[in-house]
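Engineer: Please construct the entire structure, taking both the sequences and the accompanying hints into account.
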Amino acid sequence: MTAGEPVLEVRDLHVTFGDVRAVRGVSYAVRPGEVLGIVGESGSGKSVTSAAVMGLLPPSATVTGSVRLRGQELIGAPEKRLTALRGKTISMVFQDPLSALTPVYRVGDQIAEAVRIHQKVTKEQAMVRAVELLDLVGIPNPGQRALGFPHEFSGGMRQRAVIAMAIANDPDVIICDEPTTALDVTIQAQVLEVLKTAQRETGAAIVMITHDLGVVAGFADRVLVMYAGRPVEVGAVDDIYYRMRMPYTVGLLGSIPRVDRGGRQPLVPIEGAPPSPAALPPGCPFEPRCPMAVEECSVAEPALLEVGPGHEAACIRWADVGVRPPGRHAAQAAAAVRGGRGAQEVVLRVDGLVKQYPLMKGSLFKRRVGTVHAVAGISFDIRQGETLGLVGESGCGKTTTLMEILELVKPQDGRIVVLGQDTARLAAGDRMAIRRDMQVVFQDPLASLDPRMTVHDILAEPLRTHRRGDTGSRVRELLRLVGLDESHAARYPQDFSGGQRQRIGIARALALEPKLVVLDEPVSALDVSIQAGVINLLDALKSRLGLSYLFVAHDLAVVRYIADRVAVMYLGRIAEIGQVDTVYDGPMHPYTQALLSAIPLPDPERERTRRRILLDGDLPSPADPPSGCRFRTRCPKFRTLAANERSRCVESEPEVRALAQDHGVACHYAEKLEVVQNHEESHP
Amino acid sequence: MSLQEEELAEELRQPPRAPSRLRMVGGRFFGSTQGRIGFAVLAAMFLLAFVGPLFSPWTYTDKDFTAFLQPPSAEHWFGTLQTGADVYAVTLRGMQKSLIVGLLAALLSTALAATVGAFAGYFAGWTDRTLSWITELLLVLPAFLILAIMSPLFGDGQWVLFVVMLALFLWMVTSKIVRGMTISLKQREYIQAARFMGVPPVKIIFRHVIPNLSSLLIVDATLNVSAAILTETSLSYFGFGIQPPDVSFGTLIADGAKTAVYAPWTFWFVAALLVVTVLAVNLIGDALRDAFDPSAARKVRR
Ligand code: SF4
Ligand code: SF4
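In order, the protein sequences belong to chains A and B.
Residue numbering for the first sequence follows our numbering, starting at -4 and increasing by one per position.
Residue numbering for the second sequence follows our numbering, starting at 789 and increasing by one per position.
Treat the hints with caution; some may be incorrect.
Said to hold, decoys possible - Here are the simulated lysine to aspartate or glutamate pairs, DMTMM-like style, with alpha carbons at most 25 Å apart: (1) A/Lys537 / B/Glu863; (2) B/Lys974 / A/Asp490; (3) A/Lys83 / A/Glu68.
None of these hints come from the bench; they were simulated from the model.
Structural biologist: Laid out in structure tokens, this is it:
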């Protein structure tokens, strides 16, 4: 930790909107060069805190307390002084880079403008500085890109430009509010790397606000955990991850799926949902969900107590909270034996599936200017009782694949066979039968439930459609099955929390006792503590009802928990497919290796020692994929090859080859590389 | 887990009534003050219109040649017209016609707008093209002229035809709005979910699309009640609407307006009843909209 005077000091900050107390007493200090991580779930007040520090809250908010930037008080300071400080001494990086850039100005001009507001330089000098900054944040061809407009940049590039703007004036503090949440993991790894460079260059202190405990583990020096508008635990990063003293932190860490842990052990979700800031319980705000709660807990809200050097926790039972040395959680039962695949019936087979969209241009007269090859010939199958995880970053074609399967029509090319029926030759009656046996759960539970229907009607709809009698008792049974109360049937979807809504979505999918359930990112819209409960539910239902899942996700850690087999997609092709543990423990395709190594682990020690394979650049456009191997423009392996070896990658497209039993890889030069060692192995 | 036992327990217990949408909406409609008042007033108006005439010695065709243009008295409760007709009797008779014409035309036109718009938006392709073409055609036809030309047909007992014609010229604009909203609703995941569940398209339209446009449709229907009554009034004013000897609010207001200054009873009773009717319909509309919209209810409760 860096010594010295704190550059930013927040003391007893409170923010209220009307009677809602969004932030209730936050204090922290950051020193130059220090990184403070503020972690919390949605509604914990973490973003409001940073907005209050920047003075960016709407006038309806009442802010009290003290925020000192280099000794200057910011709360109550005149707007003029704040404007002079913002962007110069303190700057901010937001989650959505598009909102931080003005769409009608060139990116370079915007950065130059940021320079010129606070420094007396000529236009040309400012522009030169802007190009330098773009270079610093790793934008290729910075001179040329500086002339581009924000919409011409990809998400990752935009975030880099925003970081360039944030460091334009050598700020003392950079506040990053979920800077990588909207990005794919390989891009997230790049941007985090850029942030580290930026910090090195400017020596600024960084306040990193995030919900992702993995991102913080490898990046922060100190961590502040927020719950219900208050810090509940503060300490050095190792204290928080290995010597935590607050049951909430324990719960949070226990509920994150980790990519480095072999599957089949259930996650430990935190019961219930966070309290609404408008109706807080009288005592400890975590009391209703705390597994260690005792009677005293509901008497008064515990204050932050010193529990170790530089380590504070707000729990009266902190001394009893079990500490977790690195790797302690690893002692797990051996993964359940996953029997041979051959014996089971195939419920879904996709064979050489192709889906292309015409790319249109012009508003009045549309003309076709190209073809988007969204899915370019993929094959996989799912057997009875099996879960296949289909993973990939945005734009890889996984959602298109899923939609093609759900449409139940003849694909443009290839074959889809659902439950033994080829979709190209379906009669109306057969299609209806498949619609009964194949169900879907969508990503956003609120969008997938009709807001105007009661839960009863929602759950009864599939039953009525397929003429199953006695809906009333079946609906009650379904609600119990997914862990909801029968009395919930009379409510509307909006009366539920995110996790409960997703349970309703799952209940609806199970109403007809399907054989195959297609899950489209079913947990990615949920907070970690809630997500764990839904993952466990899905897993339990699968074994109890003998379901098969097609699980589409971008989060590889979640897939490791739930899937038996995994298929990694890149730009419309399958890069690697195989049994989950085989793929995760010994990925052979360079893309899988990069993807796995990019996922941050909630384990500071391992994060520090880990080797990360960083990919260059962005996903190429699916309208114009590279010749030969589609991954070659970004492939780290490709760069190490000799010229004669490379020509093979450029000229011929690798097909998926079986390299081991149930392990197929689409790379000419595949070799094993361990990028995430298993927890068990590293800590015997 | 023994499912059998559970099922048995299930059988033994009297299952509570399934909380389906219809019941919820009904419950919430009558749970709101607005809804109760609106409904009560409108019911009272209907009662008055259909039962009221039974208590009066006069019918709407009777003429009292001893009392022309007399103010209200024990004999003639609302006074008499220039022709000697009893105002109470003719007003109630007019109200019967106007209530039925107004409500029916409004419901019919909104239903037409919802159905045509939702089908055009949901199915796209040639269905959309055909329906949109019809909509546009009706939009450019001179409605008033056609109604005027057809007016001789609306005579004796043909008011149903009149209602249909009125409705036919009221629905187009709403239908275009509904079509646009359906196109965006169609992308929503809950519609997709229903589709992938195997729910037939027509059912999706009536179960998911139209209920989610209910706020718009109810406001539209409420406005249409007034619009229908007023269109009828103006048609009747020119002599094209309800044909004598039958009367309606329109014909009564047209006649009453001429004598309103020196014989206010010929005009004010009709006008007041018209205002009360429109208000009641609006109250019902508001309450219905809130009852359909789950988020509105919460705002009220808070
Ligand atoms: S104070 Fe009590 S309820 Fe709160 S976290 Fe500690 S043990 Fe749990
Ligand atoms: S085929 Fe070549 S370019 Fe493609 S992944 Fe393998 S090594 Fe890389």
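Engineer: Quickly compare the C-alpha distance for B/Lys974 and A/Asp490 to 25 Å and report which way the hint goes.
Structural biologist: With Cα atoms ~24 Å apart, B/Lys974 and A/Asp490 stay inside 25 Å; holds.
Engineer: Between the alpha carbons of A/Lys537 and B/Glu863, is the straight-line distance 25 Å or under?
Structural biologist: Violated: A/Lys537 and B/Glu863 sit about 82 Å apart, past 25 Å.
Engineer: Tell me if the straight-line CA distance from A/Lys83 to A/Glu68 falls inside 25 Å.
Structural biologist: holds, 16 Å
Of the numbered hints given earlier, the model fails hint 1 alone.
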